[in-house]
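Protein chains: 2
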Amino acid sequence: MSDSIRPVFCVSDHTGVTAEVLAHSLVARFEGWEAKYETRPFVDDRSKAAAVVEEIDRAADRGPKPIVFSTIIDPELRGVLEQSKGFVIGMFEPFVGMLSEELGLDPTEAIGRYHGIADSSKYQLRLDAVDYSLATDDGIGVEHYGEADVIVTGVSRVGKTPTCLYLAMQYGLRAANFPLTPEQLDERRFPDLLERYKDRLYGLTIDPVQLFQIRQKRRPDSPYASLDRCSEEVAAAEWMFRAKRIPVLDTTVRSIEEISATILEQAQFSRRLS
Amino acid sequence: MSDSIRPVFCVSDHTGVTAEVLAHSLVARFEGWEAKYETRPFVDDRSKAAAVVEEIDRAADRGPKPIVFSTIIDPELRGVLEQSKGFVIGMFEPFVGMLSEELGLDPTEAIGRYHGIADSSKYQLRLDAVDYSLATDDGIGVEHYGEADVIVTGVSRVGKTPTCLYLAMQYGLRAANFPLTPEQLDERRFPDLLERYKDRLYGLTIDPVQLFQIRQKRRPDSPYASLDRCSEEVAAAEWMFRAKRIPVLDTTVRSIEEISATILEQAQFSRRLS
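Chains H and E are the protein sequences, given in the same order. Residue numbering for the first sequence follows our numbering, beginning at 1 and increasing consecutively. Residue numbering for the second sequence follows our numbering, beginning at 1 and increasing consecutively.
Same shape as in the complex, but just chain H (with noise of 0.2 angstroms):
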């Protein structure tokens, strides 16, 4: 193993998705070297955590001292993990003392109590979402528009069912997605149905070269994936954005959750100002 790369153990008494958020945003802060990531979840007894340890020890005897993140609560399975070989940072000991101060509270021992989507009443709501976007995907289910919160419209390909899905998952709302046609690109015809819906419609576009590669890999060398199709639809679509008003997000520079982030605020931000 290149000195230049160390692994990173995400140790968790639960999912591990939080210590691996945490350690990629931490990780990114660095550079000139290289994590090798290694997520151990539901770590909750001591046998799992001496198995963990052992792990760790055997990874630090073969190369670069391991970093590990760890989200664990319980003090006796943090002494545990502490005794490894690894460079071990608990990421949540620093706010719970400043925390407890502030608050005048002590803090309980319980483990997992926030479980991220399933969070109490949520729970459902969430459910209910993810359930919606897919009888609303790709532009059927037009009579259950009236519910949506919001309506991602844009060219074949563009990312419209990971955005409605992502926004289902992480934020329960109702997003639904309407492709715009060929023929409605081909004619600048803005489709009559989303008229009455347009407060909250949302365009996605995307850079036609990206475009291009994407539709190639679904039907390659087809007319529907050549470059100059591309950029017209591209072309297309965005005029037509521009001239109905619609806010437009680009996906070749954003995440899904970058741009789920953005139409969530602008959506509560629109209810605010209605």
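No wet-lab data here; the hints were simulated from the structure. Treat the hints with care, as some may be off.
Since the list can't tell identical chains apart, any single copy or any two copies may satisfy a pair.
Straight-line alpha carbon distances no greater than 25 angstroms define the calculated SDA-like cross-link-like pairs of lysine to any residue that follow [stated by the list, open to error]:
1. K65 - S25
2. K122 - E187
3. K217 - D250
4. K122 - Q210
5. K65 - E101
6. K198 - D128
7. K122 - D228
8. K198 - S4
9. K85 - Y224
Since the structure is predicted, the reported quantities are computational estimates derived from the model, not experimental observations.
Please build the complex by placing chain E on the supplied structure of chain H, with the hints as guidance.
Below, chain E alone, put in the same frame as chain H:
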């Protein structure tokens, strides 16, 4: 506002998801107060930071001191935020110094380099996985099962689709789902098709009363949604899972995130063994 309700601001120069996850995890450690969450994403310049400070100060003037969880990296913007009347917790600060020392590297001030789901080459992998999950949802596309990383099965409304979509989005796994039909359940006849894929098969189960509530919402007062029918189907599914030695996960007590993390761990483990 009651004194036991305190505003919690999650402030980020990016989507805010990391700040929210951390805030929820930490808040859950303290009982005896209630947090009222506000997320402010994309706070990436001085005027946006100043606007958030104004909101925090207004909240502080109305009630108890707001708690502010921040994942902002830029030192100047951090300085602006710290002028607020809130109790500001910078979530990366304690760790950047520790890591810098351990790695012998200086941190960069680059913003938003880690894009979560969209990070690096895994982006397309994840979109492909979402496409795969949709193309093999609810028993369709079985001719693609050879490419599946995992196949999830169980009775109607047990949570197969959200589990598969989460596996695809979060982990880039190709996750198909296959519903057990009423006939297969009545005859306790395990689908022939699935025999060949038993090494990648996971069964979902659920408490019959919870299934009853979910189905009542979908088709009220139908035989499909009766408590008797729910109990029979769950018992038959569990019987088949046992007989075929298929690992079973219970969606009653575990979140989609937990179930997905467990499936991922088990799938990787069997792959390491084989």
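request  = Pop the pair K122 and D228 into one bin, within, between, both or neither, using alpha-carbon distances up to 25 angstroms.
outcome  = neither (45 angstroms within a copy, 28 angstroms between copies)
task = Please work out whether the CA atoms of K85 and Y224 approach to 25 angstroms or closer within one copy, between two copies, in both situations, or in neither?
result = Neither, since 56 angstroms and 56 angstroms both go past 25 angstroms.
request  = Could you figure out if K217 and D250 sit no more than 25 angstroms apart (CA to CA) within one copy, between two copies, both or neither?
outcome  = within (20 angstroms within a copy, 38 angstroms between copies)
ask   = Should K198 paired with S4 be assigned to within, between, both, or neither, using CA atoms and 25 angstroms as the limit?
value = Neither. Shortest intra-copy (52 angstroms) and inter-copy (40 angstroms) distances fail the 25 angstroms Cα cut-off.
task = Tell me, please, which holds for K122 and Q210 at an alpha-carbon limit of 25 angstroms: within, between, both or neither?
result = between (36 angstroms within a copy, 16 angstroms between copies)
ask   = With identical chains treated as interchangeable, where does the CA-CA distance between K198 and D128 reach 25 angstroms or less: within a copy, between copies, both, or neither?
value = Intra 23 angstroms, inter 30 angstroms, cutoff 25 angstroms: intra-copy only.
message = At most 25 angstroms between CA atoms: does that hold for K65 and S25 within a copy, between copies, both, or neither?
response = Within one copy, since 20 angstroms is at most 25 angstroms while 28 angstroms is not.
ask   = Between copies, within a copy, both or neither: which fits K122 and E187 at Cα up to 25 angstroms?
value = neither (43 angstroms within a copy, 37 angstroms between copies)
message = Within a copy, between copies, both or neither: which one fits K65 and E101 at a CA-CA cutoff of 25 angstroms?
response = between (34 angstroms within a copy, 13 angstroms between copies)
This entry does not satisfy hints 2, 7, 8, 9, going by the numbered hints stated previously.
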